[in-house]
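Visitor: From first to last, the protein sequence lines are chains A and B.
Position in the first sequence (from 1) plus 6 gives the number in the numbering used here.
Position in the second sequence (from 1) plus 6 gives the number in the numbering used here.
Hint data in this document are derived by calculation from the structure and do not stem from the laboratory.
Ideal placement from N, C-alpha and C gives every residue a C-beta, glycine not left out.
Some hints could be false.
Unchecked claim - If you want the footprint, here are the derived chain B segments under chain A, 3+ residues with CB under 8 Å: (1) 68-82; (2) 95-105; (3) 138-147; (4) 156-167; (5) 189-199; (6) 203-210; (7) 377-385.
Number of protein chains: 2
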Amino acid sequence: MQRILSTDLAAHEKQTVTIAGWVHRRRLLKAVAFLIVRDAAGLSQVVVTEPGVRAQIEELPEETVVEVTATVVANAAAPAGVELVAPTVRRISGAVAVPLPFEVHRPTLSATMATQLDHAALALRHPSRATALRVAAAATAGFRDALERRRFVEIHTPKIVGTATESGANVFELDYFGRPAYLAQSPQFYKQLMVGVFERVYEVGPVFRAEPHDTARHLAQYTSLDAELGFIGDHRDVMAVLTEVVAGMTAAVAERTGVAVPAVPAEIPAVHFAEALRIAGAPADEPDLAPAHERALGEWALREHGSEFVFVTGYPMAKRPFYTHPQPSDPRWSNSFDLLFRGLELVTGGQRLHRYEDYLAVVPDPGALGGYLDGFRYGMPPHGGFAIGLERFVARLTGAANVREVTAFPRDLHRVVP
Amino acid sequence: MQRILSTDLAAHEKQTVTIAGWVHRRRLLKAVAFLIVRDAAGLSQVVVTEPGVRAQIEELPEETVVEVTATVVANAAAPAGVELVAPTVRRISGAVAVPLPFEVHRPTLSATMATQLDHAALALRHPSRATALRVAAAATAGFRDALERRRFVEIHTPKIVGTATESGANVFELDYFGRPAYLAQSPQFYKQLMVGVFERVYEVGPVFRAEPHDTARHLAQYTSLDAELGFIGDHRDVMAVLTEVVAGMTAAVAERTGVAVPAVPAEIPAVHFAEALRIAGAPADEPDLAPAHERALGEWALREHGSEFVFVTGYPMAKRPFYTHPQPSDPRWSNSFDLLFRGLELVTGGQRLHRYEDYLAVVPDPGALGGYLDGFRYGMPPHGGFAIGLERFVARLTGAANVREVTAFPRDLHRVVP
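Hey, can you work out the whole structure from these sequences and the hints?
Guide: Listed below in structure tokens is the structure:
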């Protein structure tokens, strides 16, 4: 018999159907027992009154995989307004882990984060953890859709690189056929070179940071949503595309998961770094924005513009990577930006240098960058781009306190399994 | 003035427009000069008769980035039936590399593969190389679309793993905060565990193989298109999904790139391994199919079924990984398959073990697999999946002799830059 999903039961009222899934919970009352079956779409309630079937489900611990054939009847109190009666139940497999290290059917996971991570294959079955991963999948789909509609081409770039290019610090070293190589900290250089091929490119892929920080927001591997586009006037063209992309991402999250998302203004307010310091009440010679300053800017944007998002532009050149394009009118500042969401940095981007001679002026040892600079010897248009850390984006959207809550199998200073 | 693309010129006949792109080629004839400008969409022909402009373009080597403002006129002999006359030309940047290491405007790239790879940022601008990457992007989009329509959920899994799980051989080792870790050879175990969460999952991501083979088909990093689905009857359910996915991939390639693609039958012919040996004229005790056998099977499928695709099922258990599900009727064989395209292996897949006790029976040291087996202690449904190597798929579709021709910045035994 064709299996149907929990969310399709209501369309089969009074019919005998087969569902399959995991034993989410059993409630063994005196006169009746309830078997709650979980599938990828949701929950189904099975009513058991027949003593033989009751005896059977008493031996089916939570997370056992079962197939249930039963009749659909209306019940306003049950999930989706229907429940299943007069069932036959077949055990398909497991669960072998009895008792479970923690209960998945509780509204919130009570296990510590460490215990959840030790038993990730179980913890991720909890609706709160699974929903966060669905939000990540939806945000990623929205990112791609928004860019594909604007003729960006998807690329795949090397994650193993010959030189620790971007910063040199916090890079993982590996043994590459007997010689040292490194895990890429970003696809930055490759996406810039690919602007020379497709003008507009994007990549969704892992990046690696050997950051010795044990915090709620650092991961040794995360998913970077990267975009880069050529033939721009300056960084404001990048900000316009990013605004459309973030709107596409939040719309996809709302549509696919039902999770509440913030409104993305058609034009997100933008303030120059110098002005941002003034708004935040910071000294005019501060070289960067502290978290308290970012929070103050978030409050200002909400108060003055009704926006949960705000761009800060023009960060001091000294604080941005070497490939950042200076502000033509005053080269102390840069054509770069951060996008803040509720007072927290969400996205970083900007215009890049595009002339070979400009790179030579700022890179002390061009040879150390391998073939990267070489690519700029063939004409490159003015270009820029941005990178969105998927896990931080999802954590901020869902209000998760720890980025590990929204990552399937996180990697950090202490954890490389499972 | 708003820049327009080469492919939009025909809609602007008799108007003055601005295009921008790379100097693809200059033809300096006696009475007239032609400037061919390349953008991401194609080529535009600019006709230069004014001596001052001619003198200007004589100083603009190929690959210089230029902006041209001119009038669109019809000319049946020009690209897309139009050309640009009475231009003003502005140099935007580069090219500094003069002379170029090879010419991009020739119909075929004459440079050796090594030279192309040394200068990848230039070689990828050649239409043949760029088209192959567009085919890869289209195939990837088709893969995702086909799966999303069948309620698969996208996942992102660790590329750094604590144990060299799948085979132990050909794995890259890295220094992970002072202790050894490894680059993942596939998302196999993670996608299986995620079947326990979403039932149906997929991932597009890099995988790493430290294979000491210097061949036209081995890469140290390639893009793996992985899918896994639960609640299957057996491997034939996986083959049915794969057939739809390959049809979706080829359709997307045809639609987005115009590249000719093979017809994918609604039902791809399938032969059991034992029968495949007989068809290929191989001894009945051969443990695997040699390349000549696969070619013979490709010819047989075309001759007998009019299909360029053929499934071989039931490979000997001894030749498949430990997580492979045996054929219930005869456990010497397996519920696995290869999909051959024109006599070459294109995709590998099959049903996996799903019971914890079955894993314990075949894994000598469960502890060495870290948390992987642990996940099977929580009930898992019958499941299976497949993995498509994107670069090999594209090479076979485009007829490229070397997988490096269809990879932006390949990594191999000898190459880790650019």
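Visitor: Each of the hints needs a verdict: does it hold here or not?
Guide: Right, here's what the structure says about each hint:
Interface restraint, the stretch 68-82 of chain B with chain A: holds (3 residues with C-beta to C-beta distance below 8 Å; minimum three). Here's how the stretch 95-105 of chain B fares: 6 of its residues keep a CB closer than 8 Å to some CB of chain A, so the rule of at least three is met and the hint holds. Counting residues of the stretch 138-147 of chain B whose C-beta sits closer than 8 Å to any C-beta of chain A gives 6, which meets the bar of three, so the coverage hint holds. Requiring three or more residues with a Cβ within less than 8 Å of a Cβ of chain A, the coverage given for the stretch 156-167 of chain B holds, as 10 such residues are present.
Counting residues of the stretch 189-199 of chain B whose beta carbon lies closer than 8 Å to any beta carbon of chain A gives 3, which meets the minimum of three for the stated coverage. Residues of the stretch 203-210 of chain B lying with their CB closer than 8 Å to a CB of chain A number 5, which satisfies the three-residue condition for coverage. Check result for the stretch 377-385 of chain B against chain A: holds, 8 residues qualifying (beta carbon to beta carbon below 8 Å, three or more required).
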